[in-house]
Structures are given as C-alpha cells and as structure tokens.
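The task is simple: from the sequences and hints, build the whole structure.
Number of protein chains: 2
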Amino acid sequence: MKKDIKNYIRDIPNFPKEGIIFKDITPVLKDPIVFSFAVNEISSYFTNKGVNKVVSMEARGFIFGSVISYILKCGFIPVRKKGKLPYKTISIEYELEYGKDILEIHEDAIENGDNVLIVDDVLATGGTAKAVASLVEKCGGKVVGMGFLVELTFLNPRKKLEGYDIYSLVKY
Amino acid sequence: MKKDIKNYIRDIPNFPKEGIIFKDITPVLKDPIVFSFAVNEISSYFTNKGVNKVVSMEARGFIFGSVISYILKCGFIPVRKKGKLPYKTISIEYELEYGKDILEIHEDAIENGDNVLIVDDVLATGGTAKAVASLVEKCGGKVVGMGFLVELTFLNPRKKLEGYDIYSLVKY
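These protein sequence lines are chains F and S, in that order. Per our numbering, numbering of the first sequence is gapless, rising by one per residue and ending at 172. Per our numbering, numbering of the second sequence is gapless, rising by one per residue and ending at 172.
Treat the hints with care, as some may be off.
[Stated by the list, open to error] No farther apart than 27 Å at their CA atoms in a straight line, the calculated lysine-lysine pairs in the DSSO-like style are these:
1) F:K2 - F:K73
2) F:K100 - F:K142
3) F:K73 - F:K49
4) F:K82 - F:K100
5) S:K84 - F:K82
6) S:K6 - F:K73
7) S:K88 - F:K81
8) S:K84 - F:K23
9) S:K6 - F:K88
10) F:K23 - S:K81
11) F:K17 - S:K81
12) S:K82 - F:K17
13) F:K130 - F:K88
[Claimed, not checked] Covered stretches of chain S (in silico footprint by chain F; criterion: 3 or more residues with CB under 8 Å from a CB of chain F, positions within the stretch not fixed):
14) 6-17
15) 23-37
16) 54-63
17) 74-80
18) 85-93
Everything labelled a hint here was simulated from the structure, so no lab data went into it. Being a predicted model, the structure only gives us computed values, none of them experimental. Cβ atoms here follow ideal geometry from the backbone N, Cα and C, with glycine treated the same way.
Here it is, written out as structure tokens:
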C-alpha cells in the first residue's frame, strides 16, 4: 500500500507560481482507504513516544494533524497565519519556499513539558516546520517528532531540521 | 459532557472586527477527551445515513471534517477560498457574515450520486453552509446533512438552510 500512495498524489505544474511543480494530495483525502492508511501509518510511527499534543499549520496541515491527534489521543493545536487566531498569540517570522511569512500560536496552547508532534502534509524546504518547532520551543514545549505525508528530499529539508525525529510516508 | 463543552468555548469580543463576539473553539481542540467526544457525537448522528463523502471549508472546518470523515470511513473533500486549490475547480460566490467571498471545489471531487455530509466548526448565518451545499449539488452530489460543533441560533441560520438535516452539538 505504501508505494501505491504515489498513485494518489498528482503533479500540478506552475502552481502556486511559474516553475513550481506542486504535489496535489487531495486524491489521497478523497479515498477513505488510502487516507486512513496514511494517517494510521504516520500515527503508528509516533505511538508510545509520549506525544501529548499535535501541532499543525493551516490549512492542509489541519487535515492530517487533527486526525492524527484523534488517533494518538492528544490535544490538537492549530498554528495559523498572522491575524487568524482570535486569542492572544506568540508569533514567529520565517522564510518559506515562495517568500516570507508570519505564523502564530495561542499563548496558552503549549504548556511547559508538553511533548509535541508537528504534522503537515508536505515537507518541502523545511522552513515552515523549523519555524513551527521554534514556536513550540519558545512556548516551553519539546518537539518529539515531525510527521508528513510527503517529503521532497530533493529540497534537502532535513538539513534545516537536524536533531528532530522525522517521519514521512512517501518521498520524492 | 454535552453541556460542559460550553466551558471549552470562549468569547472573544471584537474579533475579527468591532462589534462581533467570536466563539473561540480552540480550547475544545486542546483537550483530547473533549475533542474526541465532540467529533464522535457529530459522527454518530450521521452514522447509517449513507454518507460517503465529508466536505469541509477551510480552515477550521478541516479540523472537524477530516476527523469525522475518518470516523465515518468516508472520503474527505476540502472546499477552499479562491485560488487555493491546485487542480481544476468549480466555484461559487456568496455573501458571508463579514462581506463577500468565493469558494472552490475540485471539479473531480464529487461524483454523481455521492452522499455528502457538510462539516464546519460554527454555523453562524448559514451563508457559507448554503454556498457549500450549492457547490456540492452543482457537482451532482446529494447533501445528506450538515454537522457543526456550534450553532448560533440567534442568527437564524436554519432559515437559509430549509430542507437540510442539520446537527449541531452546542447552541447559543
């Protein structure tokens, strides 16, 4: 099943801008057997590692992170773009594949000693994952690991994320 | 437990703009027992109603919709703001509580005869839910029901949504 997942990921050339080949993962979501296989696999890699919170970034990250938090019986913490979270926030500016951005987390989302799993759909340059890890650590949490559906190894994301336990289900 | 959920929903005055009292549901997500209770309750209302796809709108809708699709063993279909979905889309313009907007769905997301459950975190005026239902129907799907964590009954959303089977876990 694992290698078949690539049959459910399609290339979209020139999205979101000229020259980028975007990995569209929506066919994975559409098939309940493939989708549940994917989230079960990612979850099972992090079972018994003491995770008590799953943190994901909007918007596609929410789709995987919330299900994985449900499977692992953890709290779910959303990280969002600037101005989207309603309560008091802690923020971080970071460089991403296509420019610069600011991410925010609620200031009461992470407590000292929390063991956090960061989840997103695609690990590309690693810039977003690194920013989210820094946010979590700024709040007193420990990043136990990072889980992804897809890893774009040709962008070398692990170079930016040394020391973290990273699991990705499929690699390009 | 059901009525206790209100203890996990906080009012944020003047968000996203002056005069609006926003229902912040992130404390529900943060507590794994409360979050799993909520998604299990919504799912169980729609069990055995023939649902084969769950459709949710970004971004908070994804958090509930994806878990509910996992529980109900259905496909998950994201509806997004204009320009966010990478593949060919069908779109709809609609009025929402704070202005106007365009929502899109992938043109191959819904097939003729699909039985769709629409899921979002908060049912407010019903404008967004109505737009998503119209999109699903335009694609040949049947809207079997709509599930929400919170319903703001004082905004009369059901007036806009007559004929649909609506379940909301907590009401204000």
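So, going through the hints one by one against the coordinates:
1. Between K2 (chain F) and K73 (chain F), the direct Cα distance comes to roughly 24 Å. Compliance with the 27 Å bound is thereby established for this hinted pair.
2. For the hint pairing K100 (chain F) with K142 (chain F), the CA-to-CA distance comes to about 25 Å; that is within 27 Å, so the pair holds.
3. With a C-alpha separation of about 13 Å, the suggested pairing of K73 (chain F) with K49 (chain F) holds against the 27 Å cut-off.
4. Simply put, K82 (chain F) and K100 (chain F) have alpha-carbon atoms about 12 Å apart, close enough for the 27 Å limit, and the pair holds.
5. About 17 Å separates the Cα atoms of K84 (chain S) and K82 (chain F), which keeps this hinted pair within 27 Å; it holds.
6. Only pairs whose Cα atoms come within 27 Å are accepted, and K6 (chain S) paired with K73 (chain F) is accepted, the gap being roughly 21 Å.
7. For the given pair, K88 (chain S) sits about 25 Å from K81 (chain F) by alpha-carbon distance, which is consistent with the 27 Å threshold.
8. Between the alpha carbons of K84 (chain S) and K23 (chain F) the distance comes to roughly 13 Å, so the proposed pair stays at or under 27 Å and holds.
9. Annotation: proposed proximity of K6 (chain S) to K88 (chain F) holds, straight-line Cα distance about 20 Å (limit 27 Å).
10. This hinted pair checks out: K23 (chain F) and K81 (chain S) have alpha carbons roughly 18 Å apart, not beyond 27 Å.
11. Note on K17 (chain F) and K81 (chain S): the hinted pairing holds, with a Cα-Cα distance of about 17 Å set against a maximum of 27 Å.
12. Distance restraint check for K82 (chain S) and K17 (chain F): the Cα-Cα separation of roughly 15 Å lies within the 27 Å cut-off, and the hinted pair is therefore satisfied.
13. Between the alpha carbons of K130 (chain F) and K88 (chain F) the distance comes to roughly 22 Å, so the proposed pair stays at or under 27 Å and holds.
14. Here's how the region 6-17 of chain S fares: 4 of its residues keep a CB closer than 8 Å to some CB of chain F, so the rule of at least three is met and the hint holds.
15. Given as covered by chain F, the region 23-37 of chain S passes the check, having 8 residues with a CB less than 8 Å from a CB of that chain where 3 are the minimum.
16. With 5 residues carrying a beta carbon less than 8 Å from a beta carbon of chain F, the region 54-63 of chain S meets the three-residue requirement, and the given coverage holds.
17. A stretch counts as covered by a chain when three or more of its residues have a beta carbon under 8 Å from one of that chain; for the region 74-80 of chain S and chain F the count is 6, and the coverage holds.
18. Under a criterion of three residues with beta carbons nearer than 8 Å to beta carbons of chain F, the stated coverage of the region 85-93 of chain S is upheld, 3 such residues being counted.
Hint check: no violations occur; every hint is consistent with the structure.
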